[in-house]
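Going line by line, the protein sequences match chains A and B.
According to this note's numbering, the first sequence is numbered sequentially starting from 1.
According to this note's numbering, the second sequence is numbered sequentially starting from 1.
If you are wondering where the hints come from, they were derived from the structure by calculation, not from laboratory data.
Glycine included, every Cβ here is placed at the ideal spot set by N, Cα and C.
Mixed in with the good hints, there may be bad ones.
[As the list claims (entries may be wrong)] Quick list of simulated restraints, FRET-style, between CB atoms:
no.: 1; chain 1: B; residue 1: Asn74; chain 2: A; residue 2: Asp128; range: 56 to 62 Å
no.: 2; chain 1: A; residue 1: Asn283; chain 2: B; residue 2: Asp77; range: 16 to 22 Å
no.: 3; chain 1: B; residue 1: Pro67; chain 2: A; residue 2: Glu56; range: 32 to 38 Å
no.: 4; chain 1: B; residue 1: Lys157; chain 2: A; residue 2: Phe274; range: 47 to 53 Å
no.: 5; chain 1: A; residue 1: Asp249; chain 2: B; residue 2: Pro67; range: 30 to 36 Å
no.: 6; chain 1: A; residue 1: Asn132; chain 2: B; residue 2: Pro26; range: 34 to 40 Å
no.: 7; chain 1: B; residue 1: Ala110; chain 2: A; residue 2: Glu86; range: 48 to 54 Å
no.: 8; chain 1: B; residue 1: Asp234; chain 2: A; residue 2: Asn283; range: 21 to 27 Å
[Stated by the list, open to error] Incomplete in silico selection of chain B near chain A, CB under 7 Å:
no.: 9; residue: Val44
no.: 10; residue: Met52
no.: 11; residue: Ala193
no.: 12; residue: Gln200
no.: 13; residue: Leu203
no.: 14; residue: Asn215
no.: 15; residue: Tyr218
no.: 16; residue: Val220
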Amino acid sequence: MGSDTMLIDVVVLVRRVAVAVLVALSACAICAQSAPAGPQSRTRPTDGGVLPTQFEFAGSWAPLGTEDVQNDSVPVDYLGLALTDEARTRALAYDESQKSMIERQCQGWGAAYMVIGPFGLRISRQSDATTNRIVSYTIDAWEDWMGMTIWMDGRPHPSEHALHTQAGFTTGRWEGGALAAHTTHVKGGGFIRKTGVPLSDQATLDWRFFRHGDVLTVLLVARDPVYLVEPEIISKGFRLSKAPLDYRDPCVPGFEGREPGDGVPHFAPDQNPFLDEFMKLYNLPRDAVLGYRDTLYPEYRKKIKDTYVPPPPCTADCGVAGNFVRRRGPTP
Amino acid sequence: MAIAVLVLSAVGASVHAQRESGASSPSARDAAPIDLTGYWVSYVTENWRYRMVTPAKGEYRRIPSSPAAVPIINAWDPSADERAGNQCKSYGAGAIMNVPGRLHITWQDANTLRIDTDAGTQTRLFRFTTRESSKATRPTWQGESTARWESVAAPDKGGSLSVVTTNMRAGYLRKNGVPYSERTTVSEHFDIAPLPDGGQLLLVNTVIEDPVYLNGPYIVSPHFKREPNGSKWDPTPCSSTW
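All chains should be modelled from the sequences, with the hints used to inform the complete structure.
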């Protein structure tokens, strides 16, 4: 009995010593990994992060409003666009009163309106009931936008002869930590800017959704062989909203001054009365306002350096951020 | 005997761990999940009126400036800035990525990514190592930037570069004198996206926080197209007026 007790004590002692040695050595090993590399180094590597291959996309995302994606909604403002001559001609013929026609009030805007419209995104996920795999994401419609379904189940895009709609047909996949989506089958007569800059039914939209913390950045690359000389690129930020967003109010048409049969409001060639309005408001060069490609690159900035004169400051009734520029005093 | 075996095993494990430490800690350059190096050009499809030309004095639309900023905005005097040698105020880290121009991104060393801009001839250094006494150094236009890769978990590829910049000299968010203070923090994510023509787009998601001159975060995302070479590189000095 006594020898058994002694044996047990020895075993316990051995175990304790072994554990202590292991702990000490492990600690040294950890020290070796985290210590500076040498006496000359007063730095240490920062920890790398690991992004998930997918992020939580569903939820409510409120718009930030710190980027000028809508521009000023002045009728002739094509800044930041690279338009074909045909697009420019069509845009200049567009009269925003078209949207007051009772049959067009609820026509809505095309898929690109997701990033040029003023609203947030309410996104939900649809899963297969059996496999629980994600079949699609749905971005809810607004009063004047048709919403978007992003099919995630690998289905192909329809035949090129299939129906084109305002929303188009969109498929998506996860790629490099972002959600990449591709939209085809958009309806002709859509717009890349609310002031009448058109998109054709041959346009395609490539989307990429990045999430960094609570900020969702939606990147749109719009191509159109008919109306765009170069892709239009828009990135818009959203912030995760704790409160659910709800834009489900239906569009209800009503009388807005246009009687049925009044005809379609438009401007004849060279007759757009707003052609110079935006240019004069901000002293901007005409080719920039009319959406010429060269105006998108830094060289253009150098080109106009000696001719551009900043507009005078707002002097009265300027409002928040000095943005009620229409009330600016007369340009000298 | 048992102790000897355990000790030897533990020593072996420790040595192995140290060797692994060296082997499994590649430099930031070697660990890069995306390749940002090369030449990039601003593609100004957004905020054109605030970036390509100097807006009117007093206009700070879309920037959440605080009441403390308004007198500074209204007092903007580019000539005074020029005389005081502050013509680079709108080229600091809080604004430089929005200034139309070209970027040349290179590795200065294995753990420092370098961005040169031809507009204003500025240099940003993104250090993947932390320095101990950064607050002791004087603020500069480009401040001090700590960087880290955010790699996507296997088996997917890709990732993002996360950069946090502090210790900047006070500057302008916009050419017309909308201010940010020395207490500003600029948090950026650099992401790459493919373009349909085979090119690449660099998107810089930027969150600017300033407890002095901003009411809330100012969030923008300028983008750049990759260029094949530096043939269009055109260094120009800072200017207060242009």
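Here's how the hints hold up against the structure:
1. Asn74(B) - Asp128(A): 56 to 62 Å: 59 Å, holds
2. Asn283(A) - Asp77(B): 16 to 22 Å: About 20 Å separates the Cβ atoms of Asn283(A) and Asp77(B), which means 16 to 22 Å holds.
3. Pro67(B) - Glu56(A): 32 to 38 Å: At 36 Å between Cβs, range holds.
4. Lys157(B) - Phe274(A): 47 to 53 Å: 49 Å, holds
5. Asp249(A) - Pro67(B): 30 to 36 Å: 35 Å, holds
6. Asn132(A) - Pro26(B): 34 to 40 Å: Hint holds: Cβ distance 37 Å, inside 34 to 40 Å.
7. Ala110(B) - Glu86(A): 48 to 54 Å: 52 Å, holds
8. Asp234(B) - Asn283(A): 21 to 27 Å: 25 Å, holds
9. Val44: 5 Å, holds
10. Met52: 5 Å, holds
11. Ala193: 5 Å, holds
12. Gln200: 11 Å, violated
13. Leu203: 6 Å, holds
14. Asn215: This interface hint is violated because 11 Å lies over the 7 Å limit.
15. Tyr218: 6 Å, holds
16. Val220: Holds: closest Cβ of chain A sits about 6 Å from Val220(B), inside 7 Å.
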